[in-house]
Amino acid sequence: MTETTAIAPRLTAQPSYPEDGSDAAAPRALKYVIERADRTFRGVARGGGLIVLTIMVLVGLYLTINAVQAVSAVGIVEFVTETAWSPETNRFGVAALLTGTVLIALVAIVISLPLALGMSLFITEITAGGFQRFMRSVIDLMAAVPSVVFGLWGLAFLQPAIVPFSRWLSTWFGWIPIFAVDGVDPTNPLPNTSLFTSSTFIAGLVVAMMVIPIMSSLMIESFSRAPIGEREGAYALGATRWGMIRSVVLPFGKGGVIGGTMLGLGRALGETIAIYLIISPIFDINPHILQRGANSIAAHIALRYGEANSFSMSALMAAGLALFVLTMVINFTASTVIARSRSGAESEG
Amino acid sequence: MSIDHDVRSPHESIIELDESLRLEEFSEPVAAPSTTLPRLALAEEPEEPPKVVVGISRDDVLTIAGAAVSGLSVGVVLSLVLGVVPVGWMFFVSYLWFVAIYTTLVFLRDRGPAVRDRFWTVMLSSAGVVVVATLGLVIGFTLLSGQEVFAQAFDPSSGQAIWERFHFLTLDMGGVGPLAALKDGGILHAIVGTLIQIGVALAITVPLGITTALFLAEVRGKFARFVRTIVEAMTALPSVVAGLFIYAAIIVGITHEFNGFAASLAITVLMLPIMIRSSDVVLRLVPGNLREAGLALGASQWSVVWRVVLPTVRSGLTTAIILATAHGIGETAPVLLTAGVTSNLNINPFSGPMTSLPLAALEFVKNSQNTMKARGFATAAVLLVLVLVLFLIARKIGGQEPGKLTPVQRAKLGQRSRATAARMARNSQRAAADRTISPPGGEPAPAHAEPDPHPQSPSQQSTGDKI
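Chains A and B, in that order, are what the protein sequence lines are.
According to the UniProt record's numbering, the stretch in the first sequence is residues 1 to 349, in order.
According to the UniProt record's numbering, the stretch in the second sequence is residues 1 to 467, in order.
Note that these hints are calculated values from the structure, not bench results.
Hints may be right or wrong, so weigh each one.
EDC-like cross-link-like pairs, simulated, lysine to aspartate or glutamate; straight-line CA separation at most 20 Å [stated by the list, open to error]:
# : chain 1 : residue 1 : chain 2 : residue 2
1 : B       : K183      : B       : E363
2 : B       : K373      : B       : E232
3 : B       : K412      : B       : D184
4 : B       : K222      : B       : E232
5 : A       : K254      : A       : D284
6 : B       : K222      : A       : E221
7 : B       : K396      : A       : D38
8 : B       : K373      : B       : E363
9 : A       : K31       : B       : D184
Each pair of labels, with its calculated beta carbon distance range [unchecked claim]:
#  : chain 1 : residue 1 : chain 2 : residue 2 : range
10 : A       : G238      : B       : K222      : 46 to 52 Å
11 : B       : L392      : A       : A236      : 38 to 44 Å
12 : A       : R246      : B       : E257      : 56 to 62 Å
13 : B       : F107      : A       : P287      : 47 to 53 Å
14 : A       : T171      : B       : G199      : 52 to 58 Å
15 : B       : G112      : A       : V77       : 54 to 60 Å
16 : B       : A249      : A       : E230      : 39 to 45 Å
Covered stretches of chain B (in silico footprint by chain A; criterion: 3 or more residues with CB under 8 Å from a CB of chain A, positions within the stretch not fixed) [claimed, not checked]:
#  : stretch
17 : 111-117
18 : 136-146
19 : 308-319
20 : 411-420
None of the values given here were measured: they were computed from a predicted structure.
Just so you know, even glycine gets a beta-carbon here, dropped at the ideal spot from N, CA and C.
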């Protein structure tokens with residue numbers, strides 16, 4: 001009799017590993033007995049790590065040491081608040097460059113965030129199988145397209161195509177300060193389109209296309225980690241797909257979205273060639289994003305690096321350092337956000 | 001690895017042993033050594049559907065099709081027929097109308113949540129379409145705008161011989177002025193420059209990158225975690241800052257002239273973090289039980305890394321290298337600051353300016369002459385094709401998960417295993433024969449033992465036993 005009860009069919013599938021708190025399913029930590037070959041291997045590997053670390057520290061140190069000369073000549077406060085750039089007359093600062101850089105990056109993020117978010121959700125939630133793999137390759141390919149190709153496209157294709165839209169925007173929404181364009185006459189039947197070229201908006205659009213793959217790949221990674229149990233739970237409770245996305249995928253992937261956006265922001269701040277090709281540099285703070293004239297630290301460095309004098313070189317180094325510090329701060333914040341989030345918790349280690 | 005499958009079902013794999021290779025039954029109760037053969041006709045394991053897939057009904061299809069037709073018609077009528085909106089806005093108007101009509105149609109049949117679901121599905125899909133279409137536009141535009149230059153290669157009327165028509169890829173711009181016609185000059189100097197610079201950069205990046213990735217993934221520890229943080233920060237290093245660093249440190253400080261090697265170093269600084277991160281990701285995907293199996297067999301950590309981990313991730317590492325190359329080739333800003341501009345071929349990376357493809361494209365386009373601009377677009381097209389080819393190769397190689405084999409690899413592995421099995425069979429027969437011959441008693445050898453043409457010394461036998 002006891003035997004029959006013992007072989008009664010199980011009504012539910014039981015996990016084959018012990019569940020009662022003894023975490024036998026966790027991977028074991030491997031222990032090695034270290035031999036001579038291993039010591040060499042570990043030494044070489046550690047050496048590789050050390051070299052990479054040295055390169056990075058060297059970049060930071062070199063910029064800082066070289067920047068000191070220029071910054072100490074004008075003082076930190078003036079360096080941060082001055083808009084002009086003429087090291088010859090000792091009047092230079094990053095105020096215009098920095099605001100220009102941030103404006104272009106912000107425009108890029110405002111445009112790319114919805115696109116990247118939608119694209120990532122489209123890939124993880126709507127597509128499946130071979131098409132999904134294809135779409136993921138498209139994202140990777142987009143990341144590999146050289147920036148000079150994006151820049152040429154922006155200059156020769158996008159700019160002529162987007163100027164009418166800029167004009168339309170400034171005509172109807174010119175009362176919003178950032179969309180205003182000085183010197184434009186909406187009633188002029190033959191408008192001066194050159195007012196709208198080489199603007200922050202166009203540079204931002206091109207940069208947006210370049211940061212979408214960086215943002216998307218991180219978002220896709222965090223969305224696809226959303227637990228299947230919770231997804232199916234949401235469906236079982238009668239949620240639609242969008243309901244499931246809102247209640248499971250988005251909260252789970254929040255860290256990935258924020259982190260990805262910040263990584264994209266970091267990349268947008270450092271983008272050089274596309275901006276260099278599109279903008280016409282000015283040294284004023286220009287909050288009118290549709291209007292001709294913008295600037296960015298990276299493009300400015302690419303434009304002025306040839307200046308022979310060591311003092312102006314030092315000034316450029318200081319601008320580079322400002323950009324370096326800005327991207328590092330944003331990047332470290334991003335990695336902290338990702339590591340603390342639920343979707344990023346498993347990625348470390 | 002297919003070994004994995006076999007571990008789970010050893011009996012099946014023995015059944016599928018080739019008949020001719022089946023081990024002889026031995027008269028003595030010697031445990032016959034055996035190896036597990038990968039099954040050749042291994043059926044792909046059916047992949048479990050990872051999540052609930054929301055299907056689409058015929059009703060949905062019809063609704064979407066109807067709304068799309070309606071949207072297009074409204075766009076055409078408003079812009080082309082009535083002229084109310086500019087032609088450029090036609091698709092935008094069509095899209096808005098499509099979304100409105102589609103939402104209304106769903107609303108007529110379903111309730112709130114379903115309407116929101118369909119609406120957002122359309123929005124998400126639109127984002128995907130917009131991004132893919134933009135990438136298509138970028139690639140298509142670049143390739144098309146180079147056609148003015150490439151068209152002449154296929155234009156027999158120019159009077160040039162067939163090999164001369166490909167001058168764009170086989171000549172440099174030396175002695176070709178800005179006013180020269182398109183049939184003169186080419187970008188050989190930039191192609192060679194790119195190849196040399198990326199070659200030098202790879203020669204530094206690959207060993208250093210893989211070593212560092214091994215440090216992060218295999219050695220681990222506190223210092224490794226710190227290095228990983230630094231590498232992640234390095235990924236965000238603005239390319240122009242890397243260029244500025246090399247310019248100030250190497251060119252202003254040491255060489256006092258532009259050169260290709262400095263450009264390679266700048267590219268290296270930017271490629272290293274990409275290389276390290278993608279190799280690290282690949283290395284961490286190696287299943288822990290493979291490492292454990294190696295260690296359990298008494299291998300040292302280095303042997304496990306060299307014989308188990310690295311072969312397992314070979315395709316992944318190749319992909320990492322190729323993708324890093326694709327990124328490195330496209331770097332423009334650091335090359336602009338370090339390589340210098342020249343129109344002559346220069347094959348010495350240590351002296352004199354050496355232009356690369358992105359830099360040449362940039363310089364051509366900055367020129368005011370239309371022929372130069374055309375050359376610039378053609379150069380960008382060549383660069384893009386190079387990146388595309390690299391990318392496709394990377395996909396082809398890296399399409400598999402680590403440890404998953406292609407049919408060719410599996411066939412090779414099977415061949416090796418069969419050879420091993422045959423050798424083991426021979427060895428055990430010899431061992432059996434030796435056992436029957438060598439004891440001082442001198443029993444007669446069993447009938448099924450093959451006559452051995454080479455009498456065995458004990459040392460040979462011992463090497464034979466080590467499989």
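Item to check | Broken hints, by number | outcome: Per hint list: 2, 3, 5, 6, 7, 9, 13, 16, 19 and 20 violated.
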